[in-house]
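Enquirer: Protein sequences, first through last, are from chains G and Y. Each number in the working numbering comes from the position in the first sequence (counting from 1) with 257 added on. Each number in the working numbering comes from the position in the second sequence (counting from 1) with 3 added on.
Simulated from the structure, these hints should not be mistaken for laboratory data. Glycine is no exception: its CB is placed at the ideal position from the N, C-alpha and C atoms. Careful: at least some of the hints might be erroneous.
[Said to hold, decoys possible] Label pairs and their calculated CB-CB ranges:
hint, chain 1, residue 1, chain 2, residue 2, range
1, Y, L602, G, A270, 14 to 24 Å
2, Y, L602, G, Q262, 27 to 37 Å
3, Y, R611, G, L359, 19 to 29 Å
4, Y, R592, G, K349, 17 to 27 Å
5, Y, V606, G, P264, 20 to 30 Å
6, G, R347, Y, N570, 37 to 47 Å
7, G, P264, Y, R592, 34 to 44 Å
8, G, R347, Y, W578, 25 to 35 Å
9, G, L359, Y, L602, 20 to 30 Å
10, Y, R611, G, A270, 21 to 31 Å
11, G, M284, Y, W578, 28 to 38 Å
12, G, M281, Y, T588, 12 to 22 Å
13, Y, W559, G, D354, 49 to 59 Å
14, G, M284, Y, W559, 54 to 64 Å
[Unchecked claim] Chain G is nowhere near these chain Y residues, computed Cβ spacing over 12 Å in every case:
hint, residue
15, A52
16, A57
17, V72
18, L139
19, A182
20, L203
21, I355
22, F393
23, P411
24, Q451
25, P482
26, L536
27, W560
28, R561
29, Q590
[What the hints assert, rightly or not] Not everything, but these chain G residues come out facing chain Y in the computed CB check (under 7 Å):
hint, residue
30, L283
31, M284
32, M353
33, R357
34, L359
35, R360
Given next are the chains, with one letter for each unit.
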Amino acid sequence: MSGLQIPMEHVLALAGLLFSCGLMGLMLRRNIIFMLMSLEVMLNAVALAFVAAGAQWGQADGQIIFLLILSVAAAEVAVGLGLVLQIQRRFKTLDMDQARRLRG
Amino acid sequence: MAGVWLIPLLPLASALLLILSTGKMPRQLVALLGAGSVGLAAICVALLARDFLADGEVRQLTLWTWLAVGEFTPRIAFYIDGLTVVMMSVITGVGFLIHLYSIEFMWDDESICRYFAYMNLFVAAMLVLVMADNLLLLYLGWEGVGLCSYLLVGFWYRDPANGRAARKAFIVTRVGDTAMALGLFLLFTELGTLDIQPMLVAANSHWQVGDSLPILATALLLGGAVGKSAQLPLHTWLPDAMAGPTPVSALIHAATMVTAGVYLIARTFGLFLLAPPTQEAVAWIGLLTLLLAAFAALAQSDIKRILAYSTISQIGYMFLALGVGAYASGIFHLVTHAFFKALLFLAAGAVIHCLHHEHNIFRMGGLRTRLPVIFWSFLIGSAALAALPFTSGFYSKDAILLSAWEIPGIGPWLWAGGLLGAMLTGIYSFRLVFVVFFGSAHTEPDRQPGWKMATPLIVLCVLSLLGGLLVLPLSGVFPPAAHPAASHAVEYISIGTPLLGLLLAYLLFLGRQLSIDTLADGPLGRGLSDLWLKGWRIDQLYDAVWVRPYLGLSHWWRNEPVDRIYNALVSLCQWAHHRLCALQTGQLRWYATSMVFGLVLLVAIMLRNAT
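In isolation and in its complexed conformation, chain G is listed as follows (with noise of 0.2 Å):
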């Protein structure tokens, strides 16, 4: 192993800290943006788990597994943002505290 060379524990411990913050900002924040944001926060956190791993064994899963949250962090986007362009425009909010129309 060559480069820099990062402890996995640091690298776990960051992963976690960063998906504890997305899922602050899912569970904390009302407006949609943000908790799309905050989901991509948390896509990356998990992201990072796996590219740590795959160097750490010196495997390539890690980095196929990365680039496959890649695509589905963009994907997920862009159906996101779609969506939030109606919420926009039937609510005229974004609070999702307001679109609770699914109310059983």
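With chain G fixed as given, assemble chain Y onto it according to the hints.
Expert: Just chain Y now, kept in the frame of chain G:
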């Protein structure tokens, strides 16, 4: 005569034509068709009767086999003996007069077409009833007249009270009809045939006098007869059935239909001879009914209800006659009763017609000089009803009472009861005459009866007066009755009793030597007259015993106690659904949070299990 089948067909065809015309036929044609078909049938019956009287031969005519199911092959077949000829003559003869009268009575009614259709259908059904060769065809006619009675009682259906009366008539007679249907089933299973004559022969060879099966079968038949003929305990429908037009009351509820029960018992008398207890029950039912109805008639104030109770009472006499084995006398009374009761009802209808639908006798009065034809009709009818000497009712009622006297043991009791009834008949019938036609006038008649009303009245007057001289061709039908050998004293008492009733009515209602008010004012008098006015409160009794418990039960079942179990399951699901609905808040953040906590929980559990 070959055209016997024409007799029921004529009124039936006319009824069908009238129904199919859906009320668009002109009045003149409706009247011509309605009355003409029955008139033609009457002419056919007259020709048949002439032939029958000439040779006295029983005629049987099979038209076709109705249906064939194994052993059970009822036919559309007619059996015509003396009894049938007598009944047919009464139905078509009196029926024609009433149809003629109806033309004038119903002329202004908008649904005169419907009226004549029902009336013709009724005549056809009644003819089928009396001409039937087997009990199943008889039952068809039996139900047919019941249906027509329902339709005609509720003829003016816009008044809900009339509809109620019609339903009551239908339901109460249905109770009897059910018993009769059971009787037919029993007879068929035991004897293997419903053809009346072979059945009577088979009954005589299968059963001994006093066996339990004939007693059961006749009791069931009696149930049907009691319902149709308005005898105790199923008589309550008849006074209410007066809701129909008055000629209907004359035809159906006095002259013909209600006598169907009498006809049934007379037709199957061979069975009743095998069942002495039922035979005795017939006599007691007749006696009890004639007395209760006569007392009830004393207190009524509606002219038609008085006549209705008197009908019940007179049919009681016929049952009494059948019960003591005097079949010919019973049928004789049926015939004379048809004459004078049709006369009385038609005259009452004419009074009502001329007094713009006034029914209360105490608002009439003094009509003797104003409506002379009706007065004389009513007088003659009442005289015959009260069995004053030499009227038709006298001969028939006297024959019944003398036959009752002959019965060993209970005979004198039946005789005395019948005599008391005869006296009451005298009182109530002449009360009616005196109150309506004498005294001071309360309502002025606004018209006089026309010839279509007057002719039937006059013809029926003659028949009511002279009908007692008829000799009915019944000798070949019934076993010869023992010639009454009662002492002259018994006969004189029988003759004198109606006169006593007449005298009492005179003293109470015309001469006023006895004051009816002092009689009716005491606590006993008031209670009794109230009791009689309400027909012994039997309606209230049935209401309390049958109607209200039934309604209560049906209300209870309407909540469907069995369904409660399943409904409980449903409501449990619904309750859970509402609780779980609360989870679905529509809050995206709440969902995310829940997922996080769920995930955390799962991971925690997995970790705990792993260690």
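Enquirer: A separate judgement is required for each hint: does it hold in the structure or not?
Expert: Structure-based check of all given hints:
Under the hint 14 to 24 Å, the C-beta atoms of L602 (chain Y) and A270 (chain G), about 19 Å apart, fit the expected range. At roughly 32 Å, the beta carbons of L602 (chain Y) and Q262 (chain G) sit within the given window of 27 to 37 Å. The beta-carbon spacing between R611 (chain Y) and L359 (chain G), approximately 35 Å, falls outside the hinted interval of 19 to 29 Å. Between R592 (chain Y) and K349 (chain G), the C-beta spacing of about 20 Å keeps the proposed range 17 to 27 Å intact.
At roughly 24 Å, the beta-carbon separation of V606 (chain Y) and P264 (chain G) lies within the given 20 to 30 Å, and the hint holds. Taking 37 to 47 Å as the suggested C-beta distance range, the pair R347 (chain G) and N570 (chain Y) conforms, at roughly 41 Å. Taking 34 to 44 Å as the suggested C-beta distance range, the pair P264 (chain G) and R592 (chain Y) conforms, at roughly 35 Å. Remark: the range hint 25 to 35 Å for R347 (chain G) to W578 (chain Y) is upheld by a beta-carbon distance near 34 Å.
The beta-carbon spacing between L359 (chain G) and L602 (chain Y), approximately 22 Å, falls within the hinted interval of 20 to 30 Å. At roughly 23 Å, the beta-carbon separation of R611 (chain Y) and A270 (chain G) lies within the given 21 to 31 Å, and the hint holds. Between M284 (chain G) and W578 (chain Y) the beta carbon distance is about 31 Å. The supplied range of 28 to 38 Å therefore holds. For M281 (chain G) and T588 (chain Y), the hinted distance range of 12 to 22 Å is satisfied, since their beta carbons lie about 20 Å from each other.
Separated by about 52 Å at the C-beta atoms, W559 (chain Y) and D354 (chain G) satisfy the suggested range of 49 to 59 Å. Between M284 (chain G) and W559 (chain Y) the Cβ separation comes to about 57 Å, which falls inside the hinted range of 54 to 64 Å. Interface exclusion of A52 (chain Y) from chain G stands, the closest Cβ pair being 86 Å apart, more than 12 Å. Once the 12 Å rule is applied to beta carbons, A57 (chain Y) is consistent with being away from chain G; the minimum gap is 94 Å.
Every CB of chain G is more than 12 Å from the CB of V72 (chain Y) (nearest about 62 Å), matching its label as outside the interface. Even its closest Cβ contact with chain G, about 65 Å, leaves L139 (chain Y) beyond 12 Å, as expected for a residue assigned away from the interface. Distance check for A182 (chain Y) against chain G: the nearest CB is about 61 Å away, which clears 12 Å, and the non-interface claim stands. Listed as a non-interface residue, L203 (chain Y) keeps its Cβ farther than 12 Å from every Cβ of chain G; the least gap is roughly 78 Å.
For I355 (chain Y), the shortest C-beta to C-beta distance to chain G comes to about 71 Å, beyond the 12 Å cut-off, and the non-interface label holds. In this structure F393 (chain Y) is separated from chain G by more than 12 Å, as the shortest Cβ-Cβ distance comes to about 94 Å. In this structure P411 (chain Y) is separated from chain G by more than 12 Å, as the shortest Cβ-Cβ distance comes to about 89 Å. Consistency note on Q451 (chain Y): stated as away from chain G, and its beta-carbon is indeed over 12 Å from all of that chain's, at 82 Å minimum.
Chain G leaves P482 (chain Y) outside its interface by the beta-carbon criterion, the shortest separation being 87 Å against a cut-off of 12 Å. The beta carbon of L536 (chain Y) is kept farther than 12 Å from every beta carbon of chain G, the shortest such distance being approximately 67 Å. With a minimum CB-CB distance of about 37 Å to chain G, W560 (chain Y) clears the 12 Å threshold, and the non-interface call stands. Non-interface call for R561 (chain Y) relative to chain G: holds, since the shortest CB-CB distance, roughly 34 Å, exceeds 12 Å.
With a closest Cβ-Cβ approach of about 6 Å to chain G, Q590 (chain Y) is found to fall inside the 12 Å limit, against its non-interface label. Taking 7 Å as the C-beta contact cut-off toward chain Y, the hint placing L283 (chain G) at the interface holds, the least distance being around 5 Å. The beta carbon of M284 (chain G) comes within 5 Å of a beta carbon in chain Y, closer than 7 Å, and the hint placing it at the interface holds. At a threshold of 7 Å, the smallest CB-CB gap from M353 (chain G) to chain Y is about 5 Å, leaving the interface hint in force.
Using the Cβ-Cβ criterion of 7 Å, the hint placing R357 (chain G) at the interface with chain Y is satisfied: the shortest such distance is roughly 3 Å. Because the beta carbon of L359 (chain G) sits about 4 Å from the nearest beta carbon in chain Y, less than 7 Å, this interface hint is met. About 4 Å separates the beta-carbon of R360 (chain G) from the nearest beta-carbon of chain Y, less than 7 Å, and the hint is met.
The structure fails hints 3 and 29 (numbered hints given earlier, in ascending order).
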